[in-house]
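*Asks:* Once you have looked at the hints, place chain B on chain A.
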Amino acid sequence: MSAGRWLVRAASLAAALGLWQLLTSLDVELWLRFGQFPTVGEVASAFGDRLGTAPYWQDLGYSVRRIVIGFLLAAVLGVAAGTAIARSRWAADLLGPLMEVARPIPAIALVPVAILLLPSNEQGIVFITFTAAFFPVLVSTRHAVRALTPVWEEAVLTMGGGRLRVLFSVVLPGALPGIFGGLSVGIGVAWICVISAEMISGEYGVGYRTWQDYTVVDYPGVFVGMVTIGALGWLTSTAVEFLGRRATAWLPRPPERAPSRAVRRTAAPPAVSSPAPALEKEPVS
Amino acid sequence: MSPTSTASLRQGAELALEDVRLGHHEGQPLPGTVRLRIAPGELVAVLGPSGCGKSTLLRTLAGLLPPLGGQVTQDGSPIGGPAADRALVFQENALLPWRSGRANVELPLTIRRLGREARRNVADGWLERVGLSEHAHKLPRQLSGGQRQRVQLARALAGQPRAVLMDEPFGALDPHTRAGMQDLLVDILRGTGATVVFVTHDVDEALHLGDRIALLPSGEVLTVPHPRQRDARNAPATTGIRRRILTSL
Chain A
1 MSAGRWLVRA ASLAAALGLW QLLTSLDVEL WLRFGQFPTV GEVASAFGDR LGTAPYWQDL
61 GYSVRRIVIG FLLAAVLGVA AGTAIARSRW AADLLGPLME VARPIPAIAL VPVAILLLPS
121 NEQGIVFITF TAAFFPVLVS TRHAVRALTP VWEEAVLTMG GGRLRVLFSV VLPGALPGIF
181 GGLSVGIGVA WICVISAEMI SGEYGVGYRT WQDYTVVDYP GVFVGMVTIG ALGWLTSTAV
241 EFLGRRATAW LPRPPERAPS RAVRRTAAPP AVSSPAPALE KEPVS
Chain B
1 MSPTSTASLR QGAELALEDV RLGHHEGQPL PGTVRLRIAP GELVAVLGPS GCGKSTLLRT
61 LAGLLPPLGG QVTQDGSPIG GPAADRALVF QENALLPWRS GRANVELPLT IRRLGREARR
121 NVADGWLERV GLSEHAHKLP RQLSGGQRQR VQLARALAGQ PRAVLMDEPF GALDPHTRAG
181 MQDLLVDILR GTGATVVFVT HDVDEALHLG DRIALLPSGE VLTVPHPRQR DARNAPATTG
241 IRRRILTSL
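Residue numbers (UniProt numbering), protein chains in the order written: chain A, 1 to 285; chain B, 1 to 249.
Isolated chain A (complex conformation) (with noise of 0.2 Å):
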């Protein structure tokens, strides 16, 4: 990407946290209430202060041990039961249904199911993480084995392969691009799910803290915990489109656009007359 566009990009934040300091700073009171709200200068020392204490990393690795659990197995489980789902009509029929009736609750409402099935509350947040995580990876991976072009694995089979040779050579690595936009909407939601559950009902975590900050009244706190969640978010989904770029390096991509100006320019006048192509295409049945 070229200088100008990170400029562009940089210069957006820098407006937003600028407006907040402005705002905050003069306690703006016009309908929004703004006197009440830390500064952008409180919020960055609080957060300077909480770097250097041992808690602030303590619920920063708690909440990251449980999100990289819960949504490591919903990304194994999701893939199993999508490409299930998908292959084989037994596993539709058995599977399928209950499936369709679980994916609309939301996992967060599935606190009292982890409160009463599970033996800690630690395991309890894991779940809801992995629920909320699973059905996205499900649902894509079922939809990429599905769009899978039959010729692929029609070539294996008449190559003498079995069904585990079509899966690990045809579907897995052609379902991949699919199975990587489910991954990518999962640690989404994931991150929303850990941080709802840590509030309900966590000890530790960033979620947990967050809450607490907010109970006690410690505002600049509360947004040390919202901008922590949001770089920790960040930083994982980063992570998840990086290795879905590099698995599927194989899939056409478009060249960096160019600017519209420029496009529009060359676009505007129609081609003066195209030339009789000199060979019809035989046509394709």
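Keep in mind that the hints were calculated from the coordinates and are not lab data.
There's no promise every hint is true.
[Unchecked claim] Far from chain A, some chain B residues (derived; all Cβ distances over 12 Å): (1) Pro40; (2) Asn93; (3) Arg99; (4) His135; (5) Leu165; (6) Val221; (7) Pro225; (8) Arg242.
[Said to hold, decoys possible] Simulated DEER-style distance windows between Cβ atoms: (9) A:His143 x B:Gly115: 33 to 39 Å; (10) B:Arg141 x A:Leu243: 20 to 26 Å; (11) B:Lys138 x A:Ala80: 30 to 36 Å; (12) B:Asp174 x A:Asp93: 46 to 52 Å.
We treat Cβ as the ideally placed atom computed from N, Cα and C, and that holds for glycine.
*Replies:* Only chain B this time, still in chain A's reference frame:
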């Protein structure tokens, strides 16, 4: 050891369809039955308009589709499913897009559990024969349509099949590339001994490549007077057969 010498040890398969009723891929059975015997090493072109069941016939021979009636056999035994014995070559987009040209050609060899080095040698030998040594590392999308079909030919033959079933393999190519590919096919099949069933809707392609031509849907089988001779294109016997095919279609 060159791929030619290994391949020539094998003999082509004898394929037969006895009163076979074909199912269409959209579930509709096709009218009539097909009776066709293909001798080992023979090249039979299957010619007919779109939707007449050419591809279905080929997939049935490959073992991918069961016939709705009758018997499909290889060397006298019924064909129960797909096997490495009968390679299938498709019209387009049949290469695995995440594998390089070489990795695509190596695939049938991997399935046959050949060692890494042997795989590489055989694949490179075939890629050389189709004139793609320099492009072996490229992904299918980085190759032209004609180059992709060359990789497909190399991939099909690398597995040392006894029969090669081709479903309009040059149908998506422009006429110039197409003629070159026909010549390459004739050249590359030499010495393999493989039986070939070549589906096309192009009369001249069928007349050039085939020893015999099976017409669908009529089921009529004609013998080609001068198979694989470019200069016999306008010979009286060829012209006569062409006229007969055109009236029959």
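*Asks:* Broken hints, numbered, in rising order?
*Replies:* 2, 3, 5
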